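Undergrad: Two chains, each in its own frame: build the complex with the hints.
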Amino acid sequence: MKVVVFWMTFLCPFFLKAQSDTVLMRPIEIMGFGLVPYATGEVVRVIHTVDPFKTLDATLFSQAGVYMKNYGHQQLSTISFRGTSAVHTNVLWHGIPVNAPTLGSTDFSQWHTWMIDDVAIQPGNQGALYGSGSIGGTVFIDHFNKIRTNTAAIGWGLGSFGYNFQGARAEYKKDQLQGTTHIYREAINNDFTYPLKGTDLIQTQKNAAALSYGFRQELQHFWNNQRLSLDLLLFYQHRESQPVISQNEGQDFIKTHNIKSVVEHFIDINKRSISTTLGWMNDQMIYNQNPAIRSQQITLTQRYEYDIGDHFHLNSGFLINLLTAKGSNLENINPQKQLDFFVIVTYRINDRWSSTWGLRESFMIDAGSKLLPSLGAERKWIFPKSSLVSHAKIAQGFRYPTLNDRFWLPGGNPSLNPEQSASTEIGFELRYPKFNTQVNIYQTWAQDWILWLPQSGNIWRPENIQKVAISGIDYALGYQYFFNETELESEVVLNYQCSINKSAYPSQAAYGNQLPYVPYFTAIWSNKIHIKKWTIALDQSYTSRRYTTLDESDTYAVAPYFLLDMAIDYPLILGKVTTQTSFKANNIFNNYYENIQNRAMPGINFQLQIITKL
Amino acid sequence: MTQAKYLFNSLPLYILFFTTLFFVSCTEDPEVNPQNVSSDDTSENTLGSFSSGVFVINEGNFLSADGSISFIDSEGVVQNDIFSENNASLPLGDVVQSMYLRDTTAFILVNNSNKIEVVDGDEMTVVHTISEVALPRYMVSEGDYGYISEWVSFSDRGRISILDLNTYEILDTINVGFGAEALAIRDNKLYVSNNFEKTLSIMDLNTREIIQTITVGTSPAAMIIDQNGDLWILCSGGYNADFTLANNGSLVRIDSNDEVIQEISLGMNVSGRMAANVDLSILYFYSGTTVYSYGIGDQSYDTFIENTSAIAFYGVGVAPNGDVYIGDSKGFQSIGSVYVYDQMGSEKEEFEVGRGPNGFIFTSE
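Top to bottom, those sequences are chains Z and F.
Quick note: the first sequence uses the numbering used here, first residue 1, plus one each step.
Quick note: the second sequence uses the numbering used here, first residue 1, plus one each step.
If we strip away everything but chain F, and leave its shape as in the complex, we get (with noise of 0.2 Å):
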């Protein structure tokens, strides 16, 4: 998201422009993080009555403060805000950005509240609150530390924060590009896409430095690793100076050696959110209410899915058994709604979740 989109979505409570957007909420942010759907979610699990289904974290309206944490059981029954029933009715907050599972721990990031709710997976009760953050974005871990991307402000370098998992304080910053976005780590080495640019920034996780800077796309955004070991970085697209979009979204391609070996260009712009199958070969991104499919090697992407019927795709996430869940965000207007489809592209189940569903966690037994 661009620094202007933000601000457009940020100036209508306070300056009327409410009015005419109906209490439109933040628009599509461009990230999820594949981290969501890696090998940490969903691997087997304690989560309780939560160890089998899935997450959807429902971003909220923007500056409503709410935001909340749905989950889709395997027999397909929705329990939605878990996290105020399970907390005496308190509100998650506002914009509710990502959440991170760690075992049976869960890391809820508020972006616009400032702040990381670490909960009980099982009980989804708060164990502790972060507020040391500044418009946190996405989490990731290894070993005892966990690694946080902060826009921080439109004005200033994003930011790592070093977590360490044990005590809940931070350790460290790190500084990096503006508008520090998704994560991945490889080899040792956390990648950081910097969203208001076009960079990707790479930290050394021993020397907690910053090694590397690689240009990539337009506004990068996810990043998967996929099953070769090879990143791919999804490129949103931005806009030209006369703020018509610049169709210029990309996938970019970066080796073992942090070189880009590949880019394709999408020839559109793209939500910066995007998921892949669980051997890790198929990535899903999309625009507007179409989800398109790219194989890995394959020279060009296709269209997985169209649906006519929804009004604004504003998350994407791949089960363990390969279907698709599609977040709706029904422009903020209402409920959101997550659509459910095979390989295949057929659709096979819609739910009602909370408002702005914009990622999914996936637990298994």
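With the rest of the complex left out, here is chain Z (with noise of 0.2 Å):
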């Protein structure tokens, strides 16, 4: 029933357009190089923030499928992007690597949409300029690119299972000073209920209650043809660790505090530019009642743009990056030296054609040094009423080993050599003025991946033993249906992706089996109906089964999954204040599913959001 609701929605657009050549815009944005200044390509996605009550790792999911692996509900959020690890993805903010210097991955769940600007992706391994890790892609978040106005914002959200959300923001801009201001409180009890698997019992889940608190500061000056840009984010969270199913009464806990601050420094000279970067992260873990674990990143980059005449666009640079980390595990680490180079040309030849050729090669001291060459180009097409685009890339890819991959007691392996892949794609994207969809097909080959073997005398020791074959489709097709006064946007998002095991680890069965947690299939579907000033939201998703052994065994195999979420939003607008009233039932068919295996995820559940915008 539910999939054929999904299909039946599915299709309902096409019989639309098929009705009516009224179609209008297209929702799914590509934005060029310039507005991501971090990226190497020309085609990066927008991740859209309007809804300032989600999570990074909802965003992120419900807008371009790409896979989360939730450890229960708002809980720990990590990425597979195109059927990668968590490590394999490159996350940037203002353009310096965030991802846990120990763990070498990011919690998307830490990072809340009210704090956050602007995000964007980019998939595949040429998606960094540096940084290590971008085997899957790249995310971007924020960067100092913004126009601020004097505005204002209060934001209240309450919900099923204790949920509530306080948040403020403003912005301000006087003469050469403009800045924002961000601030929210989350909590949550989480005892939301499910069925426990193979009994007629309706369990409460206990032990999974959240809290975060958020602080954003961002302030600019400008002058002449310089910007001095600082943003500070303090986060703190503090969260029962949802246990399993059957382990109910479970009472550990992880409190995070994080410190993420940078200072930009911007020249824009005739057609040059020059923008230097120091930023310093401080984060710190505790687990339970054991010792903090604590790392420290500072990073300094510096990129020069250059516009060469009419056909070239240069841009170079570097990046220093001092990683360390002190915990009862992590003992003794020297600071851990990085040093980047790149050089990215952008030559276009004319009106249709452009290529862009990079360069990066980093070195890690006592890890190794990778060099990366990459290669893009891009074809349009420009018709009367419509433009195909096409583009094709190579490149190399690579991931350090992590903090606690080389220095972790016991088990740490400080002779781990960098992970190492190539990448190839190619794409289609086709826009009408009213109408956009397009395609993107890849394929990577890597070596060398790092898994944790068992070693005689109980210890654990990480080695470069996996190599893996992914190759996938993404597609996306967005529309815009006018009828009268109402207005009907949808959006499509598919996404298959194979991600091969090329070992025979740990037994020949295992060679040529899809890698566990991730799908080979997902599917969005969001559409919103505007009715005057009325919107209505209706978004599904389908998860295909994740395997969670390298034998593809059914028995611990994770079911797949549908959601239908919906909401409707109100503006009240009174002179010039506005206050945006949402109502939103999520998992409205209530099913049962589980995003990591034997961890409940919370059936129907119901959300009142209340923006004021002055």
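Do not rely on the hints blindly, as some may be mistaken.
If you want a taste of the chain F side facing chain Z, the calculated C-beta under 8 Å gives, among others [claimed, not checked]:
1. Asp226
2. Asn228
3. Gly229
4. Tyr239
5. Gly288
6. Asn307
7. Ile311
Just so you have them, the derived chain F footprint on chain Z, three or more residues with Cβ under 8 Å [said to hold, decoys possible]:
8. 498 to 507
9. 544 to 554
Hints were generated in silico from the structure; no laboratory data involved.
Because the structure is a prediction, the values reported are computed rather than measured.
Here a beta-carbon is modelled for each residue, glycine too, at the ideal position from N, C-alpha and C.
TA: Okay, here's the thing in structure tokens:
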């Protein structure tokens, strides 16, 4: 039944399109190089943060179908981009790599969209000028390109399972100074109920409460042709660790403190610009009563951009990264030094042809170095009522071992090599004034992936052992349909991915099988109907079965699931004050589902959101 | 298993470490209760479809609640996940540490789910669930009472819970050392290896008081009472200050006067699991993918088998016919395997079982 509903709504827009040629726009937004200056390629996809009550993991999944591994509701959440694991996605905040130095990955549930201006993603391993780990793709969070106005907003939310949210933010601009301040608090008891598999019991989730605070302060000063920018982020989270369904009495918790700060100086001199960025990150994590694990990162980057004539654009620079960590199992680690150089040249042959050559060289003291070439080309066809863009890319990628990989006691392996990858991609995008569709086909070959293997004497040790071949298709479609005062906006995202183990580990039977927790298929189908001031949103998603073992054991596989969410929005305008009220119903079919094996996710639940803007 | 080791395995799922471990499970737990292969478990029984063969305890991936029980019958037919199969898909739980069979009742100790499932050994259906336990490890019984070792936590002393086998009520708890692990009963005394220490606690079963604490080797784990009535304790060995292996595993022998009379240095760290042949004259233990044998009274141990194609041995047991069963966790990357060797060390069979096979209970009609 639910699948029927999904496909009916999937096919419905095609029917509508067949009925009318009044499809108007393309909600799938592609933005160019200049808007994300840390990207190497041309095609970057914008992720809208229009729902400021979501965490970034939910936003990325709902708009791009990027599979996120949620360890329970409102719990830790990591990314699996194009069939890779969390360490294979590079995350850049104002161009600074922010994956945790110890773990090499990002908990996206810590990033709340209330605190963020812009998010964009670029799939593939050519997606960043520098840094490590962009084998699956790159997530770009914010950069200093906003023109602020004098506005303020207060947000308030209330929902099922004791959910409550309070947030305030303000933007201001005066003369040559502008800035924005954001603050929020979010809490949830998370005491949802779910049917306990194999029983008639309805179990109430325990030990899954979460509390988060965040503060952001951005300031920018402009003078002449220069800009000095500062952004400071403070996060605090105290989360009980949602136990697996058969262990409902768990009492584990995790506390995290994060400080992220960045200062950027930008100067623009006649077709050329130099930006210099200094970042400092300090993360602390406490698990239960154990001693804290602390990590620190200091990053300096400089980019030099230059338009050479009308055809060439040069983007070059360097990154210096100092990483360190301290904890009971991470003792006496000397700061790890990383140095990257990059040169990216974009050659626009004419209005139709352009190409991008890139060369990166990365050095990590005692962890090797990598020379990474990349090549991309784009061809546009302009028709009277449409355009077609095709692009092709080939690039190498890599990932340094994390500090835990190298120095965790016991077992850390300082002699690990960087993981390596090579990928190629071809894509097409067809744009009508009223309709947009795109398809990307990709293939990645990776080797020396790091796995922790059991050794004698109860020790586990990471080794460069795994080879992986990843292939897949991303498809997206967007359209808009008008009827009298009614507007229908829809977007479809379909991702198919095969991430195949090419190592005979742990046995020959594992060779050729899908990696754990990589769904073959994810689908997103989002619809918005605007009727006068009302907006009704209907979002559906499907995530296919995920294996949890390399032998594709059905016994341990996580079942596919389908979700249907609905929201109704209404803006009340009183003078200069707009109050946007939203009512949401999530998981309307009240499906029991698991994102991670044996971790319950909630059934139907509701949220009321009110945002007052001045 | 040391605290640091356990923390190492606890953190991944909570703090993203799993991204490098790739769903690696709880690592080697250094224990299997030799009582699993005691006469209780191999005696004649009325276990119905499970009356002749071997139960395989599959620990499951840490924090995934996918522990299970498999059964390999005497014809070599494997039934996996028999607990869930017979209980309407109810997941057994997280870290199935051990199983104790008393007549036709099985007690399945699920460590990280803080529970013991009491099941009818014939049908594998749940009879009762004991939830008043904290990180339970192993169980033995004497008369109408069961004795359960519990870690409790990493910062509290371990304890022994006394279970009424008729009502399944916990009657009393007695604190022992940190990391209460394997259990053995001799002369109306309960022996408890304290895995986070270097000690063995001895409890008088009449007074239910700790009457003696003996210093043994580092990380004491499995215990077996040999044909002479001496108690053998396998000590896994520890770590140096820089977390490198101390390679100080040992076999410690305690006589009937509860005095240490022999200590055999193994020169390496070993798993804490051990099994004995039927006449209790040979002990089997392992490190990595090598199984060692020690003949009672010998001065040293021998290599029994080495399996270079295995990934990581995780459990050992000896069948009534003398065959040696070895569990391979496959690094928790896939379902586990059980290798069967004859008494000469020749491989006879291999079975695919559940995830992380860590122990065996043999049944015979």
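Undergrad: Could you run down the list of hints and mark each one as holding or not?
TA: Hint-by-hint comparison with the structure:
{"no.": "1", "hint": "Asp226", "verdict": "violated, 25 Å"}
{"no.": "2", "hint": "Asn228", "verdict": "violated, 30 Å"}
{"no.": "3", "hint": "Gly229", "verdict": "violated, 30 Å"}
{"no.": "4", "hint": "Tyr239", "verdict": "holds, 6 Å"}
{"no.": "5", "hint": "Gly288", "verdict": "holds, 3 Å"}
{"no.": "6", "hint": "Asn307", "verdict": "violated, 12 Å"}
{"no.": "7", "hint": "Ile311", "verdict": "holds, 4 Å"}
{"no.": "8", "hint": "498 to 507", "verdict": "holds (count 3)"}
{"no.": "9", "hint": "544 to 554", "verdict": "holds (count 5)"}
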